[in-house]
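**Q** Sequence:
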Amino acid sequence: MGYREAYAAWESDAEGYWMAAAEAIDWSKKPTRALDDSDAPFFQWYSDGEMNTCHNAVDRHVDAGRGEQVAIIYDSPITGAKAKMTYAELQVATARLGGALQARGVEKGDRVIIYMPMVPEALVAMLACARIGAVHSVVFGGFAAHELAVRIDDATPKAIIAGSCGIEPGRTVPYKPLLDDAIAQSAHTPDFCIILQRELCRAEMGPRDVDWDAALADAAPADCVPTKGSDPLYILYTSGTTGQPKGVLRPAGGHAVALHWTMKNIYGIEPGEVFWAASDVGWVVGHSYICYAPLLYGATTIVFEGKPVGTPDAGTFWRVISEHKAVALFTAPTAFRAIKRVDPDGSFIGTYDMSHFRTLFLAGERADPDTIEWAQDKLKVPVIDHWWQTETGYTMVGNPMGLEPLPVKIGSPTVPMPGYRIEVLDEAGHPVPPGTLGAIAAKLPLPPGTLSGLWQAQDRFRKSYLTTFPGYYETGDAGMIDEDGYVYIMARTDDVINVAGHRLSTGAMEEVLAALPDVAECAVIGVKDELKGQLPMGFLCLTDGVNKPHEDVVKEAIARVRNEIGPVAAFKLACVVDRLPKTRSGKILRATMAKIADGEEFRMPATIDDPAILDEVRTALKTLGYGS
Numbered sequence: 001m002g003y004r005e006a007y008a009a010w011e012s013d014a015e016g017y018w019m020a021a022a023e024a025i026d027w028s029k030k031p032t033r034a035l036d037d038s039d040a041p042f043f044q045w046y047s048d049g050e051m052n053t054c055h056n057a058v059d060r061h062v063d064a065g066r067g068e069q070v071a072i073i074y075d076s077p078i079t080g081a082k083a084k085m086t087y088a089e090l091q092v093a094t095a096r097l098g099g100a101l102q103a104r105g106v107e108k109g110d111r112v113i114i115y116m117p118m119v120p121e122a123l124v125a126m127l128a129c130a131r132i133g134a135v136h137s138v139v140f141g142g143f144a145a146h147e148l149a150v151r152i153d154d155a156t157p158k159a160i161i162a163g164s165c166g167i168e169p170g171r172t173v174p175y176k177p178l179l180d181d182a183i184a185q186s187a188h189t190p191d192f193c194i195i196l197q198r199e200l201c202r203a204e205m206g207p208r209d210v211d212w213d214a215a216l217a218d219a220a221p222a223d224c225v226p227t228k229g230s231d232p233l234y235i236l237y238t239s240g241t242t243g244q245p246k247g248v249l250r251p252a253g254g255h256a257v258a259l260h261w262t263m264k265n266i267y268g269i270e271p272g273e274v275f276w277a278a279s280d281v282g283w284v285v286g287h288s289y290i291c292y293a294p295l296l297y298g299a300t301t302i303v304f305e306g307k308p309v310g311t312p313d314a315g316t317f318w319r320v321i322s323e324h325k326a327v328a329l330f331t332a333p334t335a336f337r338a339i340k341r342v343d344p345d346g347s348f349i350g351t352y353d354m355s356h357f358r359t360l361f362l363a364g365e366r367a368d369p370d371t372i373e374w375a376q377d378k379l380k381v382p383v384i385d386h387w388w389q390t391e392t393g394y395t396m397v398g399n400p401m402g403l404e405p406l407p408v409k410i411g412s413p414t415v416p417m418p419g420y421r422i423e424v425l426d427e428a429g430h431p432v433p434p435g436t437l438g439a440i441a442a443k444l445p446l447p448p449g450t451l452s453g454l455w456q457a458q459d460r461f462r463k464s465y466l467t468t469f470p471g472y473y474e475t476g477d478a479g480m481i482d483e484d485g486y487v488y489i490m491a492r493t494d495d496v497i498n499v500a501g502h503r504l505s506t507g508a509m510e511e512v513l514a515a516l517p518d519v520a521e522c523a524v525i526g527v528k529d530e531l532k533g534q535l536p537m538g539f540l541c542l543t544d545g546v547n548k549p550h551e552d553v554v555k556e557a558i559a560r561v562r563n564e565i566g567p568v569a570a571f572k573l574a575c576v577v578d579r580l581p582k583t584r585s586g587k588i589l590r591a592t593m594a595k596i597a598d599g600e601e602f603r604m605p606a607t608i609d610d611p612a613i614l615d616e617v618r619t620a621l622k623t624l625g626y627g628s
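Numbered by the UniProt record's numbering, the letters in the sequence shown go through residues 1 to 628 in order.
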């Protein structure tokens, strides 16, 4: 079945389509129906079925005689450590940790916060919670104590599982002091904490703390506890526009069905192959495509503790792919921009055997054409952009490599996947003609595996996603759909600027700027202007080795935007900076930059990678006469 046939099959019989997909999952009690719309717009999937995610991701592969297959490859260029864990070993570890949690009072439905570095034990912790029906909430290892405290108070966990430290290039980050500080700040106190001790920085243990190794050694193995298809598997916090985190709820049944479906149909992976998502378990990509999807499908996943450059060089991605025979890599465009900036000729690629590598997948932010073209040229494999969100958990718009690879249109993540009716709407909620910029929305109901709501905040869920366009899920992204049905994601809705009455996409301007030979990375924001309402402002990061005068680069950038987008853009403000402020997942903090430019108060984003970069932004803005 090709893409068009699959999409048509879903459109004509969505219930039958998703019931057929559910056959790929083991159920202790099979669902009698796929969709429960009795409480619309709060839809549920497979609500009368029962299953266990850990059984589907681990035990069933062991039961099928594949226990000796490698489930997890650990590669840490920062520490030099490497390890492999088979499905049989993973079964033992999850059963023992699940038993350790149960022995200390954790039951089905209880919450457990996981605060871990990128080590295999992070996946063991997630799966152990799933095994006993506990709801896990992974918080970035090293997250600030205050932000962790906010999540402790919201999730009210019975237990916290943490690493003693995280290892980053040039520094060690002790986690235990941050954890203790967070618990001291929070109104809620967990009953106990399980601490994974890392030899590079061992934690000082307190009365509530339990050593990981000791806990597992003493534990009776736990069986898999059946959960309803609509029961929550995890809570994943995502920052809201108010700065208050939103706890996205992921229901177990639809999550397993949908992620299993994507491994073959979207990523073109076969069981037993090595799939690498270069992300972190603190992000949704880490949940979906480091932990759950590869293991649900019976593939091998890579847990990578490193960076695209500097650990030790810009060839580390190619070394990992070559050494571990990964057939596909899924990462953010920002990782490739970092590699391209340091190694613009891709000289490291030729030193590794990449003959088995089939596909590069990009997501997490808009993939600019220059980055895609660079990767196509250097890697000689398909480079596939796809678009989805924390809330959806997997691809909304993509190029289904396992179903039917479609022609690539650079700048578009391709077409909606089965389960999604994507429309572009004007401010009144009416569909706009092809090629017209507008708000991107998805018709309800969303498919299995997407969020079922927000933890203890269903009113906020309704207001955040369902109110602006009744009958639709509001994505918060802006873009357009062309005559062929290809979707273009141009910017967050907040990043569409209004220049003298013209609605313009900052993403389109970034596309032009990124194509300049001297520019490695860029960002465009909208700043207030008394005459025109808003003006675009560009920030340019130069490729390593470029020593052209900055004013010449700026003049060329302004001329290029004027030539390719037109005078209507009124693009006259630009500057060269060393770095752009980003989240730890690589998203550029455009909204924060715009508030600084306009002299507005802002809340420091919890996920910012390096707060010092904001001072560099302020300095650059002053040269343009903006900021305070």
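If you are wondering where the hints come from, they were derived from the structure by calculation, not from laboratory data.
Hints may contain errors.
[What the hints assert, rightly or not] Taking lysine-lysine and the DSS-like style, the derived pairs with C-alpha atoms no more than 25 Å apart in a straight line are:
(1) K264 <-> K409
(2) K30 <-> K158
(3) K528 <-> K409
(4) K555 <-> K622
(5) K30 <-> K307
(6) K532 <-> K463
(7) K325 <-> K307
(8) K380 <-> K84
(9) K528 <-> K587
(10) K307 <-> K82
(11) K228 <-> K29
(12) K84 <-> K108
(13) K158 <-> K82
(14) K30 <-> K84
(15) K532 <-> K409
(16) K587 <-> K622
(17) K443 <-> K528
(18) K108 <-> K29
(19) K409 <-> K380
(20) K158 <-> K264
(21) K325 <-> K84
(22) K528 <-> K555
(23) K532 <-> K548
(24) K463 <-> K380
(25) K325 <-> K409
(26) K622 <-> K548
(27) K443 <-> K84
(28) K463 <-> K443
(29) K108 <-> K264
(30) K528 <-> K548
(31) K108 <-> K82
(32) K380 <-> K443
(33) K82 <-> K409
(34) K622 <-> K532
(35) K30 <-> K325
(36) K528 <-> K572
(37) K532 <-> K555
(38) K264 <-> K325
**Q** Determine for every hint whether it applies to the structure shown.
**A** Against the structure, the hints:
{"no.": "1", "hint": "K264 <-> K409", "in the structure": "holds, 22 Å"}
{"no.": "2", "hint": "K30 <-> K158", "in the structure": "violated, 31 Å"}
{"no.": "3", "hint": "K528 <-> K409", "in the structure": "violated, 34 Å"}
{"no.": "4", "hint": "K555 <-> K622", "in the structure": "holds, 18 Å"}
{"no.": "5", "hint": "K30 <-> K307", "in the structure": "violated, 43 Å"}
{"no.": "6", "hint": "K532 <-> K463", "in the structure": "violated, 31 Å"}
{"no.": "7", "hint": "K325 <-> K307", "in the structure": "holds, 19 Å"}
{"no.": "8", "hint": "K380 <-> K84", "in the structure": "violated, 29 Å"}
{"no.": "9", "hint": "K528 <-> K587", "in the structure": "holds, 23 Å"}
{"no.": "10", "hint": "K307 <-> K82", "in the structure": "holds, 15 Å"}
{"no.": "11", "hint": "K228 <-> K29", "in the structure": "holds, 9 Å"}
{"no.": "12", "hint": "K84 <-> K108", "in the structure": "violated, 30 Å"}
{"no.": "13", "hint": "K158 <-> K82", "in the structure": "violated, 32 Å"}
{"no.": "14", "hint": "K30 <-> K84", "in the structure": "violated, 34 Å"}
{"no.": "15", "hint": "K532 <-> K409", "in the structure": "violated, 33 Å"}
{"no.": "16", "hint": "K587 <-> K622", "in the structure": "holds, 24 Å"}
{"no.": "17", "hint": "K443 <-> K528", "in the structure": "violated, 34 Å"}
{"no.": "18", "hint": "K108 <-> K29", "in the structure": "holds, 17 Å"}
{"no.": "19", "hint": "K409 <-> K380", "in the structure": "holds, 17 Å"}
{"no.": "20", "hint": "K158 <-> K264", "in the structure": "violated, 37 Å"}
{"no.": "21", "hint": "K325 <-> K84", "in the structure": "holds, 14 Å"}
{"no.": "22", "hint": "K528 <-> K555", "in the structure": "holds, 22 Å"}
{"no.": "23", "hint": "K532 <-> K548", "in the structure": "violated, 32 Å"}
{"no.": "24", "hint": "K463 <-> K380", "in the structure": "violated, 45 Å"}
{"no.": "25", "hint": "K325 <-> K409", "in the structure": "violated, 28 Å"}
{"no.": "26", "hint": "K622 <-> K548", "in the structure": "holds, 22 Å"}
{"no.": "27", "hint": "K443 <-> K84", "in the structure": "violated, 43 Å"}
{"no.": "28", "hint": "K463 <-> K443", "in the structure": "holds, 16 Å"}
{"no.": "29", "hint": "K108 <-> K264", "in the structure": "violated, 31 Å"}
{"no.": "30", "hint": "K528 <-> K548", "in the structure": "violated, 30 Å"}
{"no.": "31", "hint": "K108 <-> K82", "in the structure": "violated, 34 Å"}
{"no.": "32", "hint": "K380 <-> K443", "in the structure": "violated, 37 Å"}
{"no.": "33", "hint": "K82 <-> K409", "in the structure": "violated, 38 Å"}
{"no.": "34", "hint": "K622 <-> K532", "in the structure": "holds, 21 Å"}
{"no.": "35", "hint": "K30 <-> K325", "in the structure": "violated, 37 Å"}
{"no.": "36", "hint": "K528 <-> K572", "in the structure": "holds, 14 Å"}
{"no.": "37", "hint": "K532 <-> K555", "in the structure": "holds, 22 Å"}
{"no.": "38", "hint": "K264 <-> K325", "in the structure": "holds, 18 Å"}
Violated hints, in rising order: 2, 3, 5, 6, 8, 12, 13, 14, 15, 17, 20, 23, 24, 25, 27, 29, 30, 31, 32, 33, 35; the structure is consistent with all others.
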